[in-house]
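These protein sequences, in sequence, are chains Z and F. If you're matching positions, the first sequence starts at 1 in the UniProt record's numbering and goes up one per residue. If you're matching positions, the second sequence starts at 1 in the UniProt record's numbering and goes up one per residue.
I should point out that these hints are in silico values taken from the structure, not numbers from a laboratory. Any given hint could be a false lead.
Said to hold, decoys possible - Quick list of simulated restraints, FRET-style, between CB atoms:
| no. | chain 1 | residue 1 | chain 2 | residue 2 | range |
| --- | --- | --- | --- | --- | --- |
| 1 | F | A365 | Z | G249 | 35 to 43 Å |
| 2 | Z | L132 | F | A49 | 42 to 50 Å |
| 3 | Z | L176 | F | A375 | 37 to 45 Å |
| 4 | F | E171 | Z | T301 | 31 to 39 Å |
| 5 | F | E127 | Z | L176 | 53 to 61 Å |
| 6 | F | D399 | Z | I162 | 35 to 43 Å |
| 7 | F | D399 | Z | P300 | 37 to 45 Å |
None of these values were measured; they are calculated from a predicted model. Glycine is no exception: its CB is placed at the ideal position from the N, C-alpha and C atoms.
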Amino acid sequence: MTRFRDLFAKATNPTGTVFILLVLILAGVFVMNPGFFEGPSLMAFLKQAAPLVILAAGQYFVIVSGNFDLSVGALVGAQVVIAARLIDGEESRTLPVILVMIAFGIAVGLVNGLITTVLKVQSFITTLGMLLVLYGAIRLWTGGAPTGSLSEAFRTAGRFGIEDVPVLGQIPWALLIMIGLGAGAVVLMRTRFGRILMASGDNERAASLSGARVDAARTTAFVLSGLSATVAGILIGGYAGVSAQVGDGLEFTVITAVVLGGVVLGGGRGSVLAAMAGALTIEALFTLFNQMALPATLRPTVQGAIIIAAVAYAARQRTRPAPATPTATATATPS
Amino acid sequence: MKTQRLAAASVAALGLLLATGCTTDTPAESPDDEATTGAESGDEWFVQADYDEQLAQRDIEPEGDPNTPWLQAIEPEWIDTAEFAREGGDATLCFSNASVSNPWRVTGWITMQQQVAVLQESGAIGEFRVSDAGDDDDQQISDIQAFIDAGDCDSIIISPSTTATLTPAVEAACASGVPVIIFDRGVNTDCAVTFIHPIGGYAFGADAAEFLVDNLEPGSTVLALRILPGVDVLENRWAAAKQIFDGSELEILGNEFTGGDAAEIKNIVSQYLERGEVDGIWMDAGDGAVAAIEAFEDAGQPLPVMTGEDELSFMRKWEETGMTALAPVYSNFQWRTPIIAATMILAGEQVPAEWVLPQDPITDAELADYLERNADMPSLHYAKFGGEDLPGFPDAWRDR
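Make a model of the complete structure from these sequences and hints.
As structure tokens, then:
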């Protein structure tokens with residue numbers, strides 16, 4: 001019973017709004033199509049949602065430390081195109097190319113982070129520039145459209161899973177990766193690094209005066225975001241293969257997801273678990289739209305209205321006195 | 001208090017959803033495709049006369065050698081171009097391109113450059129000046145104006161980004177006195193010397209829809225996958241398909257916009273498969289067709305009867321799986337024609353006023369042949385690119 005009270009307390013907390021919304025949307029999906037909650041289709045939903053959830057975790061680190069990363073969509077697209085071109089159907093190249101992708105993801109994150117922290121360029125501008133640089137560079141490199149193809153091994157993580165599981169059918173690798181990385185993100189936010197990150201977003205000056213290496217933490221957050229985009233690229237490429245449009249607009253979807261999770265733009269507040277739940281909520285919303293056969297033209301409008309309503313609700317909750325210190329916020333709602 | 005507020009917000013959000021949701025029926029309950037997503041946009045893009053003309057043109061034998069389809073023309077009305085004849089070679093051609101933002105345009109653009117190289121070699125063309133508007137109307141208008149202002153273009157070739165907005169710019173180009181050639185999408189003026197295009201969107205959509213009607217049992221279910229709303233060339237394809245589906249016994253489950261994104265296509269198809277059987281897939285362009293097929297494979301469902309496009313990834317998957325499919329074609333080889341037309345006009349030779357190129361879909365019987373011919377080509381290449389006889393083949397298209 002304490003569990004219920006606990007849940008109730010969380011639900012009335014700003015970051016808890018997203019869980020309520022998620023339940024409501026899933027209830028809506030259930031009404032439209034009870035079959036959605038059968039094992040196989042639920043697993044298919046989670047498999048398809050996994051990349052956005054992982055991206056949301058990466059974006060959370062950046063946002064909570066007081067920055068934005070607008071380059072993730074372009075980075076996901078770049079990673080898939082790079083993978084297709086370098087692998088070019090050769091199974092043996094899978095692992096080396098994945099290592100190249102990881103290195104590329106780290107490099108992009110590092111450049112974003114260093115330009116933002118050392119050169120003091122606003123992250124909005126830095127990552128917007130990076131978005132354009134990646135977008136253009138990839139088109140230059142490929143002559144406008146992707147070439148090559150992915151290997152079967154590369155596609156395993158995003159497309160396949162543990163087969164023939166009773167009730168569930170298939171447990172997707174993507175789901176296991178999502179749970180693993182999600183747990184890692186939650187644990188990371190409880191470490192000293194996590195508290196510094198939260199503190200730098202809440203009050204940069206206070207954090208650095210108290211001896212925290214704010215710039216290093218923020219740069220690391222960008223690197224984590226670059227890595228999350230790499231993993232998301234591997235999963236999305238694996239799920240659906242190469243197309244010229246991979247990653248288009250993902251940065252806005254993921255920032256929406258994080259904000260829906262109650263994470264405050266500007267940093268300092270919000271939990272990574274809620275950010276990931278925000279991503280699940282967005283994916284559930286898209287599913288609901290499909291189930292309702294909502295006209296494509298109406299979808300962005302409804303999506304926008306729901307997001308404003310949810311965030312406005314969370315903001316009203318937040319106008320009441322906030323916990324005394326940023327560190328306390330981090331531990332009071334430890335995800 | 002808190003819970004009340006929470007409830008109010010949730011009710012508001014849910015109410016909004018339901019209120020909007022009530023205006024449409026779920027596809028499963030509604031065999032009538034009037035009620036499905038985006039169907040309302042079908043009619044404003046439908047012109048009966050154009051539809052009838054394009055469907056008829058499919059059966060007309062084009063004039064010219066079938067081995068060079070880019071020089072063939074359907075019912076051409078030849079016009080005299082003696083007024084544009086100019087002495088000597090080394091003509092300066094100026095090309096205003098809408099964009100190279102999709103694999104179809106990239107493929108065509110390579111073919112065009114290879115055609116130019118041949119004519120530069122022979123001395124007919126000197127300089128080939130190009131501007132790429134990146135799908136931006138305003139950019140293209142100023143690109144065209146820059147060609148006019150330069151004053152040394154012997155001919156201006158334009159692939160317009162949109163119809164209405166580009167019309168005044170095209171008229172200005174015509175007024176400058178040099179021969180203007182339009183290809184791919186049209187404009188609302190016939191001041192250009194020639195307008196080059198394949199038969200068109202209605203024929204594409206109808207080829208695909210008729211194939212599904214012929215190859216599916218009455219009562220079968222079809223899902224339509226579309227790229228974007230509001231683009232005339234794509235809307236015409238759907239308008240024609242809708243016309244044919246309306247007169248058939250097929251049940252259209254829905255028509256969904258995917259942005260051509262493979263992941264989105266796979267999501268949507270997977271979700272339809274969770275709710276019931278899908279027997280056929282109609283697509284308004286082949287981008288991401290393989291993702292749709294994989295959704296069936298991953299769901300363990302029998303593969304649908306399907307129409308994609310002559311993009312190789314789809315054709316290779318089609319051969320590999322042995323599914324029942326058709327590749328409607330929006331003739332990519334049309335990118336060669338404007339260059340050749342320009343040299344013909346500058347030599348004072350007759351050209352068709354409206355140069356309608358053939359547009360034949362690739363059937364199962366021709367599949368192996370086209371795959372063989374394009375064996376070295378990347379997966380996002382278009383089978384009917386028509387550049388096999390150009391000296392740059394195959395490297396120029398392979399190493400793009």
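Holds or violated: the 37 to 45 Å window for the beta-carbon distance between F/D399 and Z/P300? Holds: the Cβ-Cβ distance is about 40 Å, inside 37 to 45 Å.
Review point. Regarding F/A365 and Z/G249, is the given constraint of 35 to 43 Å on their beta-carbon distance met?
Key: Between F/A365 and Z/G249, where Cβ atoms are some 40 Å apart, the hint holds.
Measuring from beta carbon to beta carbon, are F/D399 and Z/I162 in 35 to 43 Å? Check passed, 40 Å falls within 35 to 43 Å.
| query | Are F/E127 and Z/L176 spaced within 53 to 61 Å by their CB atoms? | reply | holds (59 Å)
- Task: Please test the hint of 42 to 50 Å on the beta carbon pair from Z/L132 and F/A49.
- Result: holds (44 Å)
Outcome for the supplied range 37 to 45 Å, where the beta carbon pair is Z/L176 and F/A375
holds (39 Å)
Taking the Cβ atom of F/E171 and the Cβ atom of Z/T301, is their distance within the range 31 to 39 Å?
holds (37 Å)
In summary, this structure violates none of the numbered hints.
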